[in-house]
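Letter 24 of the sequence shown, counting from 1, is numbered 18 in the numbering used here, and no numbers are missing.
Keep in mind the hints are simulated off the structure, nothing from the lab.
For each residue, glycine too, the CB sits at the ideal point set by N, CA and C.
Certain hints may be false.
[Unchecked claim] Okay, the calculated beta carbon distance ranges per label pair:
| # | residue 1 | residue 2 | range |
| --- | --- | --- | --- |
| 1 | R149 | E171 | 34 to 44 Å |
| 2 | N55 | P253 | 18 to 28 Å |
| 3 | N67 | E237 | 35 to 45 Å |
| 4 | K215 | E171 | 30 to 40 Å |
| 5 | K9 | R223 | 15 to 25 Å |
| 6 | G255 | M(-5) | 26 to 36 Å |
| 7 | T138 | E84 | 31 to 41 Å |
| 8 | R236 | K215 | 32 to 42 Å |
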Amino acid sequence: MALNEYCVLMSVYRKEKAGFFRTAAESMIAQTVMPSQIVIVCDGPLTEELEREVYRLESRNAGLIDVVRLPENKGLAEALNAGLKECRYEYVARMDSDDISLPERCETQLKSMMKHGSDICSATVAEFIEDPKVIEAYKTLPVTHKEILEYARTRNPFNHPCVMYKRSAVLRAGRYENYRFFEDYQLWVKMLMSRAKGHNIAKPLLLMRTGSGMYSRRGGKEYLKCARRMEQYKLDAGFCSREEYLRRMGAFTVFALAPAGTREKLYKTFLRKRRK
-5 MALNEYCVLM SVYRKEKAGF FRTAAESMIA QTVMPSQIVI VCDGPLTEEL
45 EREVYRLESR NAGLIDVVRL PENKGLAEAL NAGLKECRYE YVARMDSDDI
95 SLPERCETQL KSMMKHGSDI CSATVAEFIE DPKVIEAYKT LPVTHKEILE
145 YARTRNPFNH PCVMYKRSAV LRAGRYENYR FFEDYQLWVK MLMSRAKGHN
195 IAKPLLLMRT GSGMYSRRGG KEYLKCARRM EQYKLDAGFC SREEYLRRMG
245 AFTVFALAPA GTREKLYKTF LRKRRK
């Protein structure tokens, strides 16, 4: 296959900032190997500012961008499933509507996936708050398939905003499901259980926008309820042991019920690699 025979899959909804969305989409158009298709799913009605950005992108990139419109907000899982139906290529690069892909991201992932024969691949992400030139921390992951299988028993093994996967492998595993906060993790578990092969690239390929809002969303009783559902899924599927389930739920309880400020410190201390 030609290296540019891949698709970008994005979802945007009305609470996103138009400027962030523009930067995210343009970072994919500016890849060293430009995609052959970009699918943008509008998850429900958008603001006027976002509609203008979608129109601008369509009009300036004729033949490249396909827009899928959902009449009402359905959530990330349903939006991405709707977008996957429109993807015409086997290799699909996920992109969030507020992050920034580095120019060589997709070329690096495509070459690496072909070299390793992988079905799914992500990379280290560099986190920033306001200025993408000021990196706060790095989210690193295990590299090899064997390491990923072990890691996935208790942690999310791929960075969803920076993932590239084979469309056929996602469809074979059963697509995204409505596991709020954990749509990606649940899909990875299904893919790994269906013998999909994965690896991660140990260098930053994406700049991920963070801030206090990210940590406040990952807490509270509702988040804990969703986490318990995800962990129960893994246990019932035989993907993790009861000991791992109990240990994981203990950690979730501490993180979810801690004040947002404390939660942010815990994440940065235990779950992130600080910049040098």
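Hints, verified against the model:
| no. | hint | result |
| --- | --- | --- |
| 1 | R149 x E171: 34 to 44 Å | violated, 19 Å |
| 2 | N55 x P253: 18 to 28 Å | violated, 44 Å |
| 3 | N67 x E237: 35 to 45 Å | holds, 39 Å |
| 4 | K215 x E171: 30 to 40 Å | violated, 22 Å |
| 5 | K9 x R223: 15 to 25 Å | holds, 24 Å |
| 6 | G255 x M(-5): 26 to 36 Å | violated, 48 Å |
| 7 | T138 x E84: 31 to 41 Å | violated, 23 Å |
| 8 | R236 x K215: 32 to 42 Å | violated, 23 Å |
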